[in-house]
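Here the protein sequences come in this chain order: A and B. Residues 141 to 392 in our numbering are what the first sequence spells out, letter by letter. Residues 45 to 370 in our numbering are what the second sequence spells out, letter by letter.
Since the hints were made in silico from the structure, they are not lab data. Computed from a predicted model, the values in this text were never measured in an experiment. Careful, some of the hints might be misleading.
[As the list claims (entries may be wrong)] The calculated DSSO-like cross-link candidates involving lysine-lysine, where the alpha carbons are at most 30 Å apart (straight line), are:
id	chain 1	residue 1	chain 2	residue 2
1	B	Lys87	B	Lys199
2	A	Lys168	A	Lys312
3	B	Lys199	A	Lys312
4	A	Lys168	B	Lys87
5	A	Lys168	A	Lys152
6	A	Lys152	B	Lys265
7	A	Lys168	B	Lys265
Chain by chain, the residues:
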Amino acid sequence: MNTVSRHVSWFKAVQIMHRLLVRQLLTKGRLVALLAVGFAYLAFATLVVRSNASTSTDQELLRVAVELMANLGFTLVVPIVSLVFASAAFGDLNEDSTLVYIWLRPMDRMPVVLGAWFAAVTVSLPLILLPLLLSTLFSYVDGSLVTSTLLAVLIVNLAYCAVFLFLGLLTKNAVVWGIGYILIWEGFVSQISELGGRIAIRGYARSTMQVITDVNLVNGQPSLVISILVPASMVLVALVLSTLRLRSLNVD
Amino acid sequence: MSVVESSLPPPAPRTPDAASAVLPFVQVEDVTKTFGDVVAVSKVTFSVGSGVTALLGPNGAGKSTLFRMLCGLTAPSLGTVRVLGENARTNRDVRGRIGLAPQQDALLDRLTALEFVALAGESHGIAEPLLRASQCLEYVGLDAHDSKRVGAYSKGMRQRVKLAAALVNDPDLLILDEPLTGLDPLQRNRMIRLFHDLGNRGKCLLVSSHVLDEVARMGSKVLVIAQGRLVASGDYRRLRELMDDRPHRVRVLADDTRRLVAVLVSRALVDGVSVRGDTALIDTLDIDSFGRNIAVVAAELGVRLLEVVPTDDDLEAVFRYLVERR
């Protein structure tokens, strides 16, 4: 009998998962579909802002652009793109029975989850930022719009990816459940319930934009620190839950 | 390169762990696995040492579920599974000493064979995964420099890629779930020689199959599983005897079946018979004698034989017999 053991470091495990999943996640179909969503937003936002350009002051234009970003960009583009990639990170592997090639390795579960999360962020962030930042540039409005968009996208993309990564480990219909979550919880419950609004990720994108642009979007505006710390806590909780789920998963 | 010409890749260096040196490879004690109301594996107990052991059973018998439990991919509902003295589901180091070629055809199809096997090596903590992957691919008779993605590979090539990936960490325990499925006869011969080679080097190989002839060539140790239960274990030759001792069933169709059957019964050539229309289902313990005499009897009676077909020369029938005897 071979009496030996090997160890895969955390850093190495993160690196392996990240490299593998970036390659697996980027399919032509996903790229085309999600770029289409992003550029549809870009076209619509540009059209709306430009149509108001001749009759509005700069401050009014900024308000229109920020509201478009908060109500459409952060309701549709950011969560949908994050959902597709993050839920597929483990979901695809589980679905096609290739998760066994990762699960049965002498790697701790937490770095495997971290690597998958990084991979989802790596592929989704550029696809979100490209149309959203282009829309701010085409609006010719205050530079604070660009800064707030950058920061808000980063905060909520990290949070959405962690939550949807966990969802991909929970169910094989993660996209359907994710869309339900986006529409019902983030889109509806968060609007009518104060507590729901505090738990909804999208709310922190709105508050971040409000702090930086001074455009009033939410009542009882949380500080920038809170707008960063709460989503960061959501990331931590989602990643820990994903680790526990991966550990107890029945793998085909 | 033929596997018999190539040599086993040298093991990648690891840290000694003397405590596990004296433990058996696999211990399964009173293990049951249920999925809802379905009992996939029921009260199975066995242990396995080095060499090749074949797990034999029809499709759906519980072989893959048993293998998944050994690897820790799913936990038993009852009982204990120990691999190298530990639970692979919770012990990371033990997982590093298992090589699994799963039954399902799934591979990471966007990778080349070299990338796939190197990824396996890297995730096992091997220092030079590309070099090791090349050696393992050559060992199973594949070109390590093939630029095609594994998604474009034939079934047989995919099986060998899975085997190379399972070998990359120089595992103590190799679990191969239906590894010969989809291979042509030449490839099957190569694989079986390769299994013997690995077994002779002190590895423990558990190889599942539902084909008796394959198992006969893999090794003398067998575990027979049917309907989730271990129905026989031990030397393959003993199983062979059980097969030869069992009653055989033959379907006979003739232009005067009833008269033919009456004479066969009177001459004690059959042990049981049922006739429906012109078709008789005949049970006999001495299939050779029956085969030699039925044409003679038919000729004596002037009866024209239309069909004489054994109906239970498949593995399912052997399992049924083994199960029913218990």
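Q: Provide an ascending list of the numbers of those earlier hints which the structure does not satisfy.
A: 1, 4, 6 and 7
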